[in-house]
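Trainee: Sequence:
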Amino acid sequence: MVRGILWPSVTTSYYDTLQDASNWWNHVNYSDAWQNRIYHLLAALYAFVAAIALVQLVRIQLRVPEYGWTTQKVFHFLNFLVNGVRAVVFVFRRDVQNFQPEIVRHMVLDVPSLAFFTTYALLVLFWAEIYYQARAVSTDGLRPSFLTINGVVYAIQIVLWLVIWWNPIPALVILSKMFFAGVSLFAALGFLLYGGRLFLMLQRFPVESKGRRKKLQEVGYVTTICFTCFLIRCIMMCFNAFDKAADLDVLYHPVLNFIYYLNFLVSHRLSLGLINNYILIYNLAVGGDPAFHSSPFHSEKVASKERDHAVSPYSLTRSWIVYYKLELSKG
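Under the working numbering, the first residue of the sequence shown is numbered 21, with each subsequent residue one higher.
Simulated from the structure, these hints should not be mistaken for laboratory data. Beta carbons: idealized from backbone N, C-alpha and C, even for Gly. Any given hint could turn out to be false.
Claimed, not checked - Label pairs and their in silico Cβ distance ranges: (1) K234 x S158: 25 to 33 Å; (2) D160 x H47: 54 to 62 Å; (3) L220 x L182: 39 to 47 Å; (4) V75 x G161: 29 to 37 Å; (5) K264 x D160: 42 to 50 Å.
What the hints assert, rightly or not - The calculated SDA-like cross-link candidates involving lysine to any residue, where the alpha carbons are at most 20 Å apart (straight line), are: (6) K264 x M127; (7) K93 x V105; (8) K264 x Q117; (9) K264 x V193; (10) K93 x A71; (11) K93 x I72; (12) K93 x L162; (13) K264 x F119; (14) K264 x V105; (15) K93 x L134; (16) K264 x N46; (17) K264 x I252; (18) K234 x Y151; (19) K93 x R79.
Working from the sequences, and respecting the hints, build out all of it.
Mentor: Below is the structure:
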């Protein structure tokens, strides 16, 4: 009897809780004040990471100004560019939403995503170079492939923008979003392939020291987080292409936007610290960091600097590569 009396009360309380949660969700999503707070918070976070990338870039340039655009410098510059542009977009998010024609809004929101792809394709390229250098395999074709892939991606996206601007039919908008989904999936698979290979390669080395164990964990963390971020973007773009309610790039989804872009911010922040470690691995393994040149684009071996790279915990990484080569020669 008591159970029968309490049951409706519990059900009513549960229903009221769900109703309150729904009301709160709608209040936050459709409140101008909450929208501004969340987007301004995202702007501050992205500006902070952009500032870190800029400080790293300036610090490296002041220490080794004679080496031109190395992998390390390009990576930090692209991170500064991506995060800085995103911060500006979030500050003026309400104005961006009102851009006309609509394709201009899509371009403003999508350009940072393209730069984000290039930034992390560069990290995948670097991992691939480490992996193949350790296996004594030629890496001559990696950098031309990197340029070609990025050139094709940018060219296709620009063509899609121009066609949509000329004739904005829904099918073309869907095609553009699915293209972005495909690019994100391609990047996710790149991280899984080369990040996984690098992780398994380092896992074969003795991990008796704390520094080696930490680097092994870092490779695993970055691979997992970056793969997850790009895979989430791929899935969300697929949903967004066919369901307008799943669109993230709108003002009335600030909470989802915060969660979504915070994931990418985490990958940015982790990679800024980790790129320095991987550059050290490359320098110790093959004798220098390839410099980037605009014309022609080629690889130049640069002697490692004692003042920039001779840090005792990192010197352990050289034995990893040597050990791996010895293991391969035995096999």
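Trainee: For every hint, state whether the structure bears it out.
Mentor: Hint check:
no.: 1; hint: K234 x S158: 25 to 33 Å; in the structure: 31 Å, holds
no.: 2; hint: D160 x H47: 54 to 62 Å; in the structure: 58 Å, holds
no.: 3; hint: L220 x L182: 39 to 47 Å; in the structure: 43 Å, holds
no.: 4; hint: V75 x G161: 29 to 37 Å; in the structure: 34 Å, holds
no.: 5; hint: K264 x D160: 42 to 50 Å; in the structure: 46 Å, holds
no.: 6; hint: K264 x M127; in the structure: 18 Å, holds
no.: 7; hint: K93 x V105; in the structure: 18 Å, holds
no.: 8; hint: K264 x Q117; in the structure: 15 Å, holds
no.: 9; hint: K264 x V193; in the structure: 11 Å, holds
no.: 10; hint: K93 x A71; in the structure: 14 Å, holds
no.: 11; hint: K93 x I72; in the structure: 13 Å, holds
no.: 12; hint: K93 x L162; in the structure: 19 Å, holds
no.: 13; hint: K264 x F119; in the structure: 18 Å, holds
no.: 14; hint: K264 x V105; in the structure: 25 Å, violated
no.: 15; hint: K93 x L134; in the structure: 19 Å, holds
no.: 16; hint: K264 x N46; in the structure: 17 Å, holds
no.: 17; hint: K264 x I252; in the structure: 17 Å, holds
no.: 18; hint: K234 x Y151; in the structure: 18 Å, holds
no.: 19; hint: K93 x R79; in the structure: 10 Å, holds
Violated hint: 14 only; the structure is consistent with all others.
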